[in-house]
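Here is how the chains run, residue by residue.
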Amino acid sequence: MKITLYIWRQDNAQAKGNMEKHALNGLNPDMSFLEMLDVLNEQIITAGGDPVEFDHDCREGICGQCGLFINGRAHGPLAATTTCQLHLRHFKDGDTIYVEPFRAAAFPVVKDLRIDRSAFDRIIQAGGYVSARTGDAPEANALPVPHRTAEQAFDAAACIGCGACVATCKNASAALFTAAKVSHLAMLPQGQPEREHRAQAMSAQMDEEGFGHCTQTGACEVECPQEISIAHIARMNYEFNRGAILKP
Amino acid sequence: MKLDAKIPEGPLAEKWGRYRAACRLVSPANKKKMSIIVVGTGLAGSAAAASLAEMGYQIKAFCFQDSPRRAHSVAAQGGVNAAKNYQNDGDNAYRMFYDTLKGGDFRSREANVYRLAECSAQLIDQAVAQGVPFAREYGGYLANRSFGGVQVKRTFYARGQTGQQLLLGAYSALSRQVAQGQVQLFARHEMLELVTVDGQARGIIARNLDTGKLERHAAHAVVLATGGYGKIYYLSTLAMGCNGSAIWRAYKKGAGFAAPSWTQIHPTCLPQSGSYQSKLTLMSESLRNDGRIWVPIRAHDQRPPNEIPEAERDYYLERRYPAFGNLAPRDIASRAAKERIDAGFGIGPQKNAVYLDFAHAIQEYGEGAIRERYGNLFRMYEKITGRNAYREPMMISPAAHFSMGGLWVDYELMTSLPGLFAIGECNFSDHGANRLGANSLLQACVDGYFILPNTISNFLAGQLTAPAIGPSHEAFAAAEQSVALQLGRLLNIQGQRTAGSYHKALGALLYDKCGVLRSREGLQQAIKDISALRADFWQNLKVPGATETVNSELEKAGRVADYLELAELMCRDALAREESCGAHFREEYQTGDGEALRRDEAFQYVPVWSYQGPDTPPELVEEPLLFETVSPTVRNYR
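Note that the protein sequences, when read in sequence, are chains A and B.
Going by the working numbering, the letters in the first sequence line up with residues 6 to 253, in that order.
Going by the working numbering, the letters in the second sequence line up with residues 292 to 929, in that order.
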């Protein structure tokens, strides 16, 4: 296959970036998108150039570190798929592809396609946990959790923290990311004692980091590789209001 | 190097209790004054950092990823073992201990393995308390499934994302401590050197991967939780950044390295399809609960799988190991697959795979049930291969996965270098020569939550009057200078070949000579070839860019440089062990019907290598394995 790439190059958060054109030949349709970038970098380095920096690690769709804006879509054209799980067979021979980083004020560019998502860590630090110290735990089966509840909690807990929801949102809102954690813990009995505080604290941190507000466009749900539903945002809003009334 | 495993006296089941009753403690007032560095934030590292911080120690936690939640524990799929006996199938700590010891081919310490089984139940309690959404039965109680090498159901799971959910639990506990100021978090930092003062670990040199700047960090103890080195094979189930650099640099500073050649090749991964490939994705072993493995009965059979009638299929695991069938342990399943593939029965475009078939299970339980159990795995399979495994069997192949070997540690998880601890996959301790499925998450968690917090206090209690050592100490200056020199050296070669290309070449060499099968001749050749490759690396490497900036290529080059040295030690270790045990299969030592021939009379010990300098061969020290409770038998899964 033959692909023409326009790739975002930017030295650091302060620098002005630009798109850079690269032509690639002899690609295999079974190659993953990131393997194509490996091939590109090998080519750039051999020619004496500066390779493209991009985020990636597990390459099996679970670590959440990869994330590219491909032809204007977070993680590219496929639904429920991270960038690392996207393969060239989903493109046509001769295609031109535009590759950019996930963009949001709260996700500054580190270099090229590499971004800083530590804002997500700080949202979790604000309350995305159950305060269970090592050694505190009662017998695991002491508290039955209905199958359905456990499965619903899992659906929310499956978030990989990639930031596609933020990148695709016109407001760069982190509502889906935050709601996934709020919702996961609000549904389980273990999450009850800190329930009122959690939604309030995490929402406040979300604002402080510079993420925008949610205006319910639903774009995040469309791009989420884990198919996390915006119903969780509704639950977060409920939890937020509930917390405001029943102040801990 | 003198090794003392420090196994407590007393009957097996009482050792850990006796240790805890007698070990020294650090008072709350003194804990506040003591600092600990934890490198790595996977399950072991996050669990340890969170637990130690809760106790009141000052913690600095490091990871090379951009967030602790991305450490590769996140990718573990199938589950975590615990002897809860919720299934009423006769499980208990002793049985789990025995399964693990036997699974490891009697090449691990009884006391360590028993402790792992003993602490397993508590881990499930801990994870549930954190809000980990394990699979549940309709009555609301926890569900279990089976894994390889056992005949009970003791594996707890969260769909095919158990590692992710356990890690997010540990990460949330860690995040809580970060918020409370008990943990200082250093993401995008890579440890490049261990700093020792008077033969004791007192800190690290780390590189900030976003700025390229070198930093000095001092502490009263250093904990490595840096994971396995399976990525040394390049094509593996591991993440791209997984590396052996932290443990390798600790080895060169005096920590013993145990059994480097004990690396596990996992039987159920996606086969290689091209030279551009960067990884071989794992398809969880849990699939072998319901999937049946087969190849055509005729060699070079080209028909599509669904057109091959039942009578013309060879379910070779069920044929060779009727008692365990498709749930034979990994080393055995991988060898059996390689045997069929090498004999010309492999399937797929490259003839390098075998089938894993769900047709029977779908017929028996319905597609819905299979989707609920393994839906995400089937989806992942389709994404990568473009094929639907509900309609045709999966094609799978063995791939490098786990390293049983690692830094030698005593019962307290301290390496042979005082003040340096190693937990999780980066130590060698509990799995012997072959790890059982779903024991890896367990070991990482148990080391981090339950063992290290006791044993590190026992060490730190003796450090209250030790002289304060800060980052201005000359040992830090010297270590920083040596790191800077190496980085400069890598950048200045300016040859023709990228670090990635050396890594691929090394991986291919190791798969061939030090993979599923090993031989004297092959290993001797490999040692020569690795040495030649290493020489070429230092002559002809090309690293673009500079040190004081983001530079992924420089990071890779440093890791490959270490892999090129570790690979040689792996081969030396495999060569010295003239027997077959677990994942280490020497072609010269097999029974008439192709099973592993263990030689307890000569090799019932853990091999521990001690670094002697760049131009001197390492010294081999033996830690004899004493079996007081069980007597090693020939592993039989028939």
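Since the hints were made in silico from the structure, they are not lab data.
Each hint should be verified, as a subset may be incorrect.
Stated by the list, open to error - With beta-carbon atoms standing in for the labels, derived distance ranges:
#1 A:222 / B:614: 54 to 60 Å
#2 A:222 / B:839: 29 to 35 Å
#3 A:76 / B:590: 43 to 49 Å
All residues carry an ideal CB built from backbone N, CA and C; glycine is no exception.
Tested hints:
At roughly 57 Å, the beta carbons of residue 222 (chain A) and residue 614 (chain B) sit within the given window of 54 to 60 Å. In this structure, residue 222 (chain A) and residue 839 (chain B) break the distance hint of 29 to 35 Å, their C-beta atoms being roughly 42 Å apart. At about 46 Å, the CB distance of residue 76 (chain A) to residue 590 (chain B) agrees with the hint of 43 to 49 Å.
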